[in-house]
Amino acid sequence: MNTIPVLQVRNLSKTFVLHTQGGVSLPVLAETSMTADAGECVALVGPSGAGKSTLLRCIYGNYRIDDGEVLIDDGIEVVDIGKAEPRRIIELRRRTVGYVSQFLRVVPRVTTLDVVSEPLRMIGVKRDEAEERAATLLARLRIPERLWALPPATFSGGEQQRVNVARGLVVSTPLLLLDEPTASLDAENRDTVVEIIRETVAAGTAVVGIFHDVEVREAVATRFVDLQPLTKAAA
Amino acid sequence: MTEREEIRPKENGPLLKVSSLTKYYGTIVGCRDVSFDVWPGEVVGIVGESGSGKTTLLKCISAALEPTLGTVEFRTRHDGMVDLYKLPESARRFLMRTDWGFVHQNPRDGLRMGVSAGGNIGERLMAVGERHYGDIRTTAGDWLEKVEFDLGRIDHMPSTFSGGMQQRLQIARNLVNGPRLVFMDEPTGGLDVSVQARLLDLLRALVSELRLSVIIVTHDLAVARLLAHRLIVMRRGEVVETGLTDQVLDDPQHPYSQLLVSSVLQP
Chain A
1053 MNTIPVLQVR NLSKTFVLHT QGGVSLPVLA ETSMTADAGE CVALVGPSGA
1103 GKSTLLRCIY GNYRIDDGEV LIDDGIEVVD IGKAEPRRII ELRRRTVGYV
1153 SQFLRVVPRV TTLDVVSEPL RMIGVKRDEA EERAATLLAR LRIPERLWAL
1203 PPATFSGGEQ QRVNVARGLV VSTPLLLLDE PTASLDAENR DTVVEIIRET
1253 VAAGTAVVGI FHDVEVREAV ATRFVDLQPL TKAAA
Chain B
518 MTEREEIRPK ENGPLLKVSS LTKYYGTIVG CRDVSFDVWP GEVVGIVGES
568 GSGKTTLLKC ISAALEPTLG TVEFRTRHDG MVDLYKLPES ARRFLMRTDW
618 GFVHQNPRDG LRMGVSAGGN IGERLMAVGE RHYGDIRTTA GDWLEKVEFD
668 LGRIDHMPST FSGGMQQRLQ IARNLVNGPR LVFMDEPTGG LDVSVQARLL
718 DLLRALVSEL RLSVIIVTHD LAVARLLAHR LIVMRRGEVV ETGLTDQVLD
768 DPQHPYSQLL VSSVLQP
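Protein sequences appear in the order of chains A and B. Anchor point for the first sequence: position 103 equals 1155 in our numbering, and the numbering is continuous, going up by one each time. Anchor point for the second sequence: position 219 equals 736 in our numbering, and the numbering is continuous, going up by one each time.
Keep in mind the hints are simulated off the structure, nothing from the lab. If a hint is listed, it holds; no wrong ones were tucked in.
DEER-style ranges, computed between Cβ atoms:
{"#": "1", "chain 1": "A", "residue 1": "ILE1128", "chain 2": "B", "residue 2": "VAL781", "range": "36 to 44 Å"}
{"#": "2", "chain 1": "A", "residue 1": "PHE1155", "chain 2": "B", "residue 2": "ASP672", "range": "40 to 48 Å"}
{"#": "3", "chain 1": "B", "residue 1": "TYR541", "chain 2": "A", "residue 2": "VAL1130", "range": "43 to 51 Å"}
{"#": "4", "chain 1": "B", "residue 1": "GLY707", "chain 2": "A", "residue 2": "ILE1128", "range": "44 to 52 Å"}
{"#": "5", "chain 1": "B", "residue 1": "VAL710", "chain 2": "A", "residue 2": "SER1224", "range": "32 to 40 Å"}
{"#": "6", "chain 1": "B", "residue 1": "HIS771", "chain 2": "A", "residue 2": "ARG1192", "range": "42 to 50 Å"}
{"#": "7", "chain 1": "B", "residue 1": "LYS603", "chain 2": "A", "residue 2": "GLU1197", "range": "56 to 64 Å"}
{"#": "8", "chain 1": "B", "residue 1": "SER679", "chain 2": "A", "residue 2": "GLU1270", "range": "53 to 61 Å"}
Each residue gets a CB set at the ideal place from its N, CA and C atoms; glycine is no exception.
Given these sequences and hints, build the entire structure.
As structure tokens, this is what we get:
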């Protein structure tokens, strides 16, 4: 068995300095450490402002890391996200790290089927197969087929969120980051997403997620990591 | 179109290497001490407000304006890295025809206005040795289709086209010989919003399917987010920040980048 966790966060610190607001300094994470192993679902818990989303974004390489390490094992080597070249992070995002954000970022004119199948095409899956796999997932998430040829910009919040989940999960990656994947979903769709997450974990993906819905959290999480807001020290 | 290939196995170094590039206009700084690499398949965005040195930089690296100091090296197909400004003019011109494309903000700067749409594309093919009229016309037609151009207008003059059509024609003209590096200067700049969206979508698809390396100058951060993998933020001729596109836009570090991002309605 592989003994190195897929994800290791070591002493991660992150402070936002707002130069346009007179240089206010907002420390959000200080020496945070955690790991995620293959086949487990780690739920980040803690009150608003504790830095849960910030931690996910640092792991994804979306936020810069001030101090500490985020180490991701892509099966070939362990990459330190804070020091990796942009093209290395882009490659990791294609095959190794999946991320479902809270909101779908829509691109004008791109159809739902293209939005969802694009991550597959980016790793070389042929268009037909990519579209078939995207269609299967969209159908499972109850996005009506008549919407697939439309750009998701005009969809309801719940529909957009399901398109977002589909896009994030269409490629199975060793590490998956979920930021409130069920936030605006009704009960039936929420249950479907829970089911898909459980299957993903069972298939060996390491999942790190934020789930405010207690039922969802209890249903998917195999372990909890507690984050607390930093006491306001710096100014 | 060709299938996308994975970046890592084939990469053996950057395609373009810019080192300490500096351009003075007399005593005025155009750009100063700029260094960066562009790797195969990478789309690099250069952002910053008007007068920040973006266009000067683009001109210097595309062999249109000799820098005061510094070097621009390009990986040729057969001879490895060459210093652009040490090449004889003829060799530089040859590279421009065979390996590079340049999409100007104003299509009039990149098109031959007195030549038909088909001719604009055919001319590029002839420049690299194509001679068979039928083949040239077929290829031109294929490319016009790729850029969603009405084939019924293949024999019409560019001056009779809308701005969006002209821009799509310019893109086809620049991609027809399979360039390895494409420079783009505000490619969606002069177009209205709906036309812009369509063009952006087209550029996105082409760049990813052809695995092009692109250097794109834009002041529009939304365009940068859609197209670029990586950003270079410039101010007063100098690079103030570089990084992954979403990192620079979502977590800008430099005061100027923060100002730039926070000044946009929807970045």
